[in-house]
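Trainee: Start from the sequences and build out the full structure, keeping to the hints where you can.
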Amino acid sequence: MKTLQLDRIVKQYGDKTAVNEISLSVEAGEIYGLLGANGAGKTTTMRMVLGLIYPDAGQILYNGKPYHKGLEQLFGYLPEERGLYPKVKVSDQVLYLAQLRGMSRSDADKSLKYWLERFQVPENYNKKIEELSKGNQQKIGFIASIVHNPKFIIMDEAFSGLDPVNVELMKETVKELRDNGATILFSTHRMEHVEELCRQTTILKKGQAVLQGTVRDLKAKYPREKVILRTTGEVVGLEQITGVKQIDRTETGYIINIADESAAQHILQQAMSQSTVEHFEVKEPTLNDIFIKAVGGESNA
Amino acid sequence: MRNVWTVIGFSLRTKLMTKAFLMTTAILALIVTIVMNLPFIISLFDEENKAIKVGLVNSSYPAIEKSLEEAFKQKQDDIILVPYENATEEGLLKDVKEGIITGYLKFEAAEQGGEQAFPKVTYHSEEDLDFGLQGDITAVLTVLKTHWIVKDSISEDKKLQLNEPVSFDTKKLKASDSGQLAEEAGEEEPAFKAESFVVTFALLILFFTSIQMTGNMIASEVTQEKSSRVMEILITSVSPLAQMFGKILAMFILGMIQIMAFIAVAVINLLLPHNQEALKGLDLDISKFDPMLVIYGLILYVFGYFLYATLYASVGSIVSRTEDLAQAVLPITFLSLAAFYIGMFSVSTPNSMLVKVTSFIPFFTPTSMLLRIGLGEYQWWEFWLSIVILLLSVLVFGWLAAKIYRTGVLLYGKRPTWKEVRKAMKAYKI
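Those protein sequences? They're chains F and S, same order as listed. Letter 90 of the first sequence, counting from 1, is numbered 90 in my numbering, and no numbers are missing. Letter 419 of the second sequence, counting from 1, is numbered 419 in my numbering, and no numbers are missing.
In short, the hints are calculated from the structure, not lab data. Certain hints may be false.
A short, non-exhaustive set of chain S residues, derived as facing chain F with CB atoms under 7 Å [to be verified]:
1. Phe10
2. Ser228
3. Arg229
4. Val230
5. Val238
Glycine included, C-beta positions come from ideal geometry on N, C-alpha and C.
Mentor: Given below as structure tokens:
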């Protein structure tokens, strides 16, 4: 069932269109990825989903109904810039935010302690936010957004500022929340996270959805244009094969860009005739490649 | 409503326990203590100077000197007259220098009228004589002069009458039902109502200090929430109205706690043995306090407080950095200063046109109307009309402030222009 539906929503700031006719839908137990360069409209879209700002046109449906009272308690929101009181103790503010979302103080306390334990930072319970490292602040922000078991989780750049170990930890958690049936909208400019976590994604460029669909479909749409070849000896004459655009020599072999997939077979034959092939792979495009293609060189994401 | 309590609880807990708050409260309480004990502390250094000794140089007016001496002996005043017989100029100067006497009085023949006229009196000393003491001496001398001039031309009886002060009373006139002015029935009104004055003054100062203390706290709390982006989370979980009023109520309670602490400190100080005298000197009669004045005053105070608090909250939500806040709240600070000073400067003229007009302007009602009900004239409908106006403006400004609050918290960057705020406000429901 589609728990969250955005139907051609538009948001304008002055004469600038921040979000232009974006539609998407997310199911319960799904992570939806919003990709885009800075200023592409990710945060604006998320704010509209949260009811912080209202779309100028189009509508957003939650479980089939428009925004209504009581929905606040189902939201979990992790803004890009932490959103925590710097001078207040972790326990005080997380419990406060959970209470505002309708959880009882004692339940919230239990939940907070569980998550602190889970993230291996139980000692932060009584510390002030300003005393914590940036990564630990991010963890607390993350906990604050999920401590009340929200049904709709909206995360803006959830993994920024974290080391790889903690990124893994968070990813595991997000997957767990997904498996528990939460509807998760997730923005990032780290492609590998989307590839790993999201079933569907929308790539935004200047408020427009330039690409949309499941990650697999997106990849299938883009031809496989890269061949990785590793041989024991040297292979010559590859550049003469029709369809080969560019050959890069690496320490262990070749990376060959091809115009169409049929060229790959010719490369393999050529290589086998000259040397022993240790590794041959026709690589599907990474989301990163697709992103750069779609958004173009002007992006800095 | 439950959310309002959650907000109040959180704001109180996080603010009350901060070092800054505890420190300021302690320091201010210390200042209150010092100020209240200042007269006593000064008097400790001041013991020997209680009465000053003034030499009285013998001359050709023995009668006057004798009467003067006697008058001051009876009064047991701050002046002790020490008669000097046949004193030389050198001897007097030496005594002044050594501090045996502070100065001396000398009688000289008046320039006109010679020996028969009342003499000219000169006080010689290193320092000027206290105004009060000068007055004391002149008063006694004036009486003596009268006696000197009338001599025996009138009887002793008449002389006594001459010394009696003029009787001066005030009686209030009030319009009766028929519209005629008539003397008010019942007790005579004293010219000056000390008890009402104390209540009015206390409420005036309470109003001003609590707005000053908590207004800035409200505004800076809101700005901090905004700049740390907690606001985005808060708005997605609670209605801005509940949030704003929760904050305002919490700061109100906080301010009250602080003020109660100061009052407690003041009362404890007043009850100290060495301050008992001063309390008696004020001559206040608890039974004379008008309970209605206190109740009306508190109504004005609470409504007035909320009016200003909502203004502070909305300004706090427009500004996105604490550095810009001081400048942004300036207009409100001026408004509250104006209200305070209209009250302070009109204490002696509570029925002036200024007070009458401003008592219907909601920002000034809490002080102007207070002055009128405490010390001046008012009709009951005037009071209630001003209360209704005040209440309506609290509601209007509360609604407006909530709207600005809802809008302002999402406007970042430079301070928005009014046009931008107005445009954005149209877009949001509270």
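Trainee: Are the hints correct? Go through all of them and say.
Mentor: Going through the hints against the structure:
1. Phe10: holds (4 Å)
2. Ser228: holds (6 Å)
3. Arg229: holds (4 Å)
4. Val230: Check passed: Cβ of Val230/S comes within 5 Å of chain F, closer than 7 Å.
5. Val238: holds (5 Å)
The earlier numbered hints are all upheld by this structure, with none contradicted.
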